[in-house]
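Visitor: Here are the chains, one letter per residue:
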Amino acid sequence: MTAEPAKLDVSLQEHEENQEWWWIAEKKRSKRLDYLRKAVWKKGALGGNYAPGIKVDLEGPKLFTDMWNFWKFDPIIMRRAKALAHVFDNISIFITDHSQIVGYWGSAPHTISWRVDGASIVNEELYNEPGIMPEPEEESLRKVAEINDYWAGQTAVDKVARILDPEDAVKFLSGAIGWGAPTSAYGYSGKNYEYYLKGERGFEDIIADIEDHIAEAEEKTIGTPGPDILHIYDRIQNWEAMITVLEAAIRFANRYARLARTMAEHLETDEKRKEELLRIAETCERVPAKAPRNLQESFQMDMLIQTMCRFEASEGAWPARPDYYHGPFYEKDVLQDKTLTEEEATDLIGEFMIRAYEVGGFGPRWAREGMQGITGTWVWTIGGVKPDGSDACNALTTAFLRTARLIRVSNPTFAFRWHPKVSDEVMRECFECIRHGLGYPSFRHDPILVANCMNWHGHPVEEARTWVHQACMSPCPTTKNGVQPFRMASATANCAKMVEYALHNGYDHVVGMQMGPQTGDARTFTDFEQLFDAWTRQMQWLLSLLVRTVNLGRYKDAEFYGRPLLSGITERAVERGIDAVNPEGERGNCWITGFTWVENADSLAAVKKLVFDDKKYTMDQLITALESNWDGYEQMRLDFVNKAPKWGNDDDYVDDIMLRCLRTLAKHSRVMRCTSNNTWPISPQNVSGNIHYSSVVGALPNGRRLGDALYDGGISPGPGLDKKGPTAVLKSCGKIDHVGDGRAFLLNQRLSPTQMAGEKGYQLWRAYMRTWADLGLDHIQFNMVSDKTLRAAQKDPEKYQEVIVRVAGYSAHFVDISRKTQDNIIQRTVQGI
Amino acid sequence: MSTCSDCKSFFPREDEPGKGDCVRRVVDPRQAYYTTKPKNPEDDASGCGEFQKR
Ligand code: SF4
Chain X
1 MTAEPAKLDV
11 SLQEHEENQE
21 WWWIAEKKRS
31 KRLDYLRKAV
41 WKKGALGGNY
51 APGIKVDLEG
61 PKLFTDMWNF
71 WKFDPIIMRR
81 AKALAHVFDN
91 ISIFITDHSQ
101 IVGYWGSAPH
111 TISWRVDGAS
121 IVNEELYNEP
131 GIMPEPEEES
141 LRKVAEINDY
151 WAGQTAVDKV
161 ARILDPEDAV
171 KFLSGAIGWG
181 APTSAYGYSG
191 KNYEYYLKGE
201 RGFEDIIADI
211 EDHIAEAEEK
221 TIGTPGPDIL
231 HIYDRIQNWE
241 AMITVLEAAI
251 RFANRYARLA
261 RTMAEHLETD
271 EKRKEELLRI
281 AETCERVPAK
291 APRNLQESFQ
301 MDMLIQTMCR
311 FEASEGAWPA
321 RPDYYHGPFY
331 EKDVLQDKTL
341 TEEEATDLIG
351 EFMIRAYEVG
361 GFGPRWAREG
371 MQGITGTWVW
381 TIGGVKPDGS
391 DACNALTTAF
401 LRTARLIRVS
411 NPTFAFRWHP
421 KVSDEVMREC
431 FECIRHGLGY
441 PSFRHDPILV
451 ANCMNWHGHP
461 VEEARTWVHQ
471 ACMSPCPTTK
481 NGVQPFRMAS
491 ATANCAKMVE
501 YALHNGYDHV
511 VGMQMGPQTG
521 DARTFTDFEQ
531 LFDAWTRQMQ
541 WLLSLLVRTV
551 NLGRYKDAEF
561 YGRPLLSGIT
571 ERAVERGIDA
581 VNPEGERGNC
591 WITGFTWVEN
601 ADSLAAVKKL
611 VFDDKKYTMD
621 QLITALESNW
631 DGYEQMRLDF
641 VNKAPKWGND
651 DDYVDDIMLR
661 CLRTLAKHSR
671 VMRCTSNNTW
681 PISPQNVSGN
691 IHYSSVVGAL
701 PNGRRLGDAL
711 YDGGISPGPG
721 LDKKGPTAVL
731 KSCGKIDHVG
741 DGRAFLLNQR
751 LSPTQMAGEK
761 GYQLWRAYMR
771 TWADLGLDHI
781 QFNMVSDKTL
791 RAAQKDPEKY
801 QEVIVRVAGY
811 SAHFVDISRK
821 TQDNIIQRTV
831 QGI
Chain E
1 MSTCSDCKSF
11 FPREDEPGKG
21 DCVRRVVDPR
31 QAYYTTKPKN
41 PEDDASGCGE
51 FQKR
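Residue numbers (this note's numbering), protein chains in the order written: chain X, 1 to 833; chain E, 1 to 54.
Careful: at least some of the hints might be erroneous.
To be verified - Quick list of in silico lysine-lysine cross-link-like pairs, DSBU-like style, CA-CA up to 30 Å:
1) X/Lys272 <-> X/Lys28
2) X/Lys62 <-> E/Lys19
3) X/Lys55 <-> E/Lys37
4) E/Lys37 <-> X/Lys290
5) X/Lys82 <-> E/Lys19
6) X/Lys62 <-> E/Lys37
7) X/Lys55 <-> E/Lys8
8) E/Lys37 <-> X/Lys38
9) X/Lys62 <-> E/Lys8
10) E/Lys19 <-> X/Lys72
11) E/Lys8 <-> X/Lys724
12) X/Lys82 <-> E/Lys37
13) X/Lys643 <-> X/Lys820
14) E/Lys37 <-> X/Lys72
15) X/Lys198 <-> X/Lys82
16) E/Lys8 <-> X/Lys272
17) X/Lys274 <-> E/Lys8
18) X/Lys723 <-> X/Lys615
19) E/Lys37 <-> X/Lys272
20) X/Lys274 <-> E/Lys53
21) E/Lys37 <-> X/Lys143
22) E/Lys8 <-> X/Lys290
To be verified - Which residues of chain E face chain X? A partial, calculated answer using Cβ under 7 Å:
23) Met1
24) Cys4
25) Lys37
26) Pro41
27) Cys48
Note that these hints are calculated values from the structure, not bench results.
For each residue, glycine too, the CB sits at the ideal point set by N, CA and C.
Please model the complete structure; the sequences and the hints are all you need to start from.
Guide: Here it is in structure tokens:
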């Protein structure tokens, strides 16, 4: 399905009046960017299904498996390194017409990569996805079966599952309380940018350092015998594995260089393109072997490393701070040396984003439904401060924002680190992106989040100030001991189950299983404290189960999986000879993603009000109504919706319950400990888990029925339930201590495009943002696409292919998300400021 | 028997004698690109549907 082209007879002004920003972008961007943007094969699943033409890549998995088997007598880490090197040396690579930046995670532009060694349960799902097998289908299915048979029982998750407590394993795998997999095979890898992306170091420098470490270690192993030297043998293995992969990575880049040279010298006739191809060749001969010298090399190095890391593990996020690390090269090339014009730089920036947009891997159905329209959370961090606290915004910050409006990709998106010294010029550029309907940048309160990093994980202030979004929301430093080499998605809690189980004695009526502890028959509860006590115990049980699973996965991951490439670009691992996933020396930066959180506050408040305070209904009546999914109890359900206070209206009755829930949880966050003996705060947000879980969460006292969409944000009020206006929403959210109550709290707001038009609109928004900042909220993001456009897009999707909306912690093309998610976004209250 | 070295798509590697790359043009429904994968000059070309005599 392709988008309808821009109408040539319609002027830019007319498009602007109609707020058809996507056609303005198409008309304004360069021919190169237009070609590259339209050339992308969409890898994000539409609702839950892959787009026509997308095929799973079987080349990479076959190469990896062959070599893994060939080196079967090697230690695991060397086996992985050699298998990965074999993929880098042999997989098909390509260079797209007009492109200047290369690198892709797969053998052809329309392929999605498949991680074979992560989890057998994911591998088996390949058989159920129609249309994604390369032709001839029968032969591909045979190949998949062979690979699956080989890996069955020996993937990372298979190994973890064998040592998990069986009861934990069954409950975790029920799909009711969490999702994800306890292995770095599918992790969110933080990157140690302070080590490798500052233009000071290339892979050859790292290899030289590692060789020194090996020489020193070998010296010790032939010295005086004793137990103190035994661990060194393992470290030498790790170092050698790192070198194997780093060298292969240089060869991988050189393959692109060779292809570009072949094209330039033998196949291309256009002189200008020949020059570009020779520049690609020089760039890939330079990086990542040596430190970059200019913007193209800097982008290329970053791109290649991100791509190559995905060959090693299915990274579900893309933590980055592109303006900060690439900014000095932009300023040198464009402003000082003038070796690049602004337009040429825009082409590079735009392509850098497009290359990231096209990256995608095969994901199981639950992951696709939970993150509709995207392939992972590529949330790039811009703005913020430098380690000394001064403003880090530079010319590339605004260049990225301007380019984003031209290319309009839904992944990556930007998150902007706001602080009091941000200039008006930068704020205006951010606002223009929001006004153009991108849904990004989201806004993050830098001083609050720096304090948050220090509070929960003890990062020193200079390190906390380097933070990037490790996934959608959670801040993570990029320093040697502060960076978190991976975070497991399996620390994702379906929080609505806490109140559901408190009301049903720990029994899950949806999956038909005793899940949580037996906290008493709620029909016999005589006051709110008994209910709250049951909620607390269910909350502690649920989170502890997830964290136990994740901790075990993390602890065993270096042995069961291991990441030699990530280790080779992580200073702590290079220095110590450990795998990057080994927690040794890491400060810890864990968080629990809290899906479906706000239902707890609204449900508990509704029971308190209508049962215990007003005594309008009894607990017995309530539980009976919930067990019937409110069927036959419509009037009662409406009372629970309308006559109980709801979060987001600056009403202390329910807001106090929200705070009490958060603080009770925060106390438990300090009791549970991660593998670095640090804390486990919560970060309430949903991606599109509010839709994914809608058929898993039973009826709730906030009036919700099984099947209804859950609330969309981490602290966003329920759609249509915030009736007191935008300031009341901010005031409710401002009651949360955004430093001490949790890690980060997602707030979605919808604004009216009409009201936000022109200079007046900008000034109104600035005033609103001042209130947001003064109240100390850590996050906010906006949808600014009218109901009219969204409804038109539902009716005529082909015409509105490029409309982007903010879903939860990410943006997606509206036509790529399910009807239920679309309706959920339309139902959100449009706030008049 | 034809081998890859007889094929127009085969480009020997100057720095690594005995090795080469199969470089081909692909035009898919969305984009056009050049793709490459390693090949040895003596690899059998008889089963390759893309073979083009040099
Ligand atoms: S693989 Fe086929 S297309 Fe490629 S060089 Fe050999 S014969 Fe030619």
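Visitor: None of the hints should be skipped; say for each whether it holds.
Guide: For each hint, the structure was consulted:
Between X/Lys272 and X/Lys28 the CA atoms are separated by roughly 22 Å; this keeps the pair inside 30 Å, and the hint holds. Taking the CA atoms of X/Lys62 and E/Lys19, the gap is about 21 Å. The hint holds against a cut of 30 Å. Between the alpha carbons of X/Lys55 and E/Lys37 the distance comes to roughly 19 Å, so the proposed pair stays at or under 30 Å and holds. Restraint check for E/Lys37 and X/Lys290: satisfied, since their Cα atoms lie roughly 25 Å apart, inside the 30 Å limit.
About 20 Å separates the Cα atoms of X/Lys82 and E/Lys19, which keeps this hinted pair within 30 Å; it holds. The suggested pairing of X/Lys62 with E/Lys37 holds, with an alpha-carbon distance near 14 Å, which does not exceed 30 Å. Pair hint X/Lys55 plus E/Lys8 holds up; C-alpha atoms about 28 Å apart against a cutoff of 30 Å. Distance hint between E/Lys37 and X/Lys38 is fulfilled; the C-alpha atoms sit about 26 Å from each other, no more than 30 Å.
A distance of roughly 27 Å separates the Cα atoms of X/Lys62 and E/Lys8; the hinted pair therefore holds under the 30 Å criterion. With a C-alpha separation of about 27 Å, the suggested pairing of E/Lys19 with X/Lys72 holds against the 30 Å cut-off. Of the pairs offered as hints, the one joining E/Lys8 and X/Lys724 is violated, with about 72 Å between alpha carbons and a cut-off of 30 Å exceeded. Restraint check for X/Lys82 and E/Lys37: the C-alpha separation of about 18 Å stays at or below 30 Å, so the hint holds.
Note on X/Lys643 and X/Lys820: the hinted pairing holds, with a Cα-Cα distance of about 26 Å set against a maximum of 30 Å. For the proposed pair E/Lys37 and X/Lys72, the alpha carbon gap of about 25 Å is at most 30 Å, so the pair holds. A distance of roughly 28 Å separates the Cα atoms of X/Lys198 and X/Lys82; the hinted pair therefore holds under the 30 Å criterion. For the proposed pair E/Lys8 and X/Lys272, the alpha carbon gap of about 24 Å is at most 30 Å, so the pair holds.
With a CA separation close to 20 Å, the supplied pair X/Lys274 and E/Lys8 stays within the 30 Å bound. The hinted pair formed by X/Lys723 and X/Lys615 meets the criterion: a straight-line CA distance of about 25 Å does not exceed 30 Å. Using a Cα cut-off of 30 Å, the hinted pair E/Lys37 and X/Lys272 holds, with the two alpha carbons roughly 26 Å apart. Restraint check for X/Lys274 and E/Lys53: the C-alpha separation of about 26 Å stays at or below 30 Å, so the hint holds.
The hinted pair formed by E/Lys37 and X/Lys143 meets the criterion: a straight-line CA distance of about 20 Å does not exceed 30 Å. Between E/Lys8 and X/Lys290 the CA atoms are separated by roughly 34 Å; this puts the pair beyond 30 Å, and the hint is violated. Restraint check, E/Met1 versus chain X: the minimum CB separation of about 23 Å is more than 7 Å; hint violated. Because the smallest distance between the Cβ of E/Cys4 and any Cβ of chain X comes to about 15 Å, over 7 Å, the interface hint for this residue is violated.
The beta carbon of E/Lys37 is positioned within 7 Å of a beta carbon in chain X (closest approach about 4 Å), and the interface hint is therefore held. At its closest, the beta carbon of E/Pro41 sits 15 Å from a beta carbon of chain X; the interface hint therefore is violated under the 7 Å criterion. Hint status for E/Cys48 relative to chain X: violated, with the closest Cβ pair at about 14 Å, above 7 Å.
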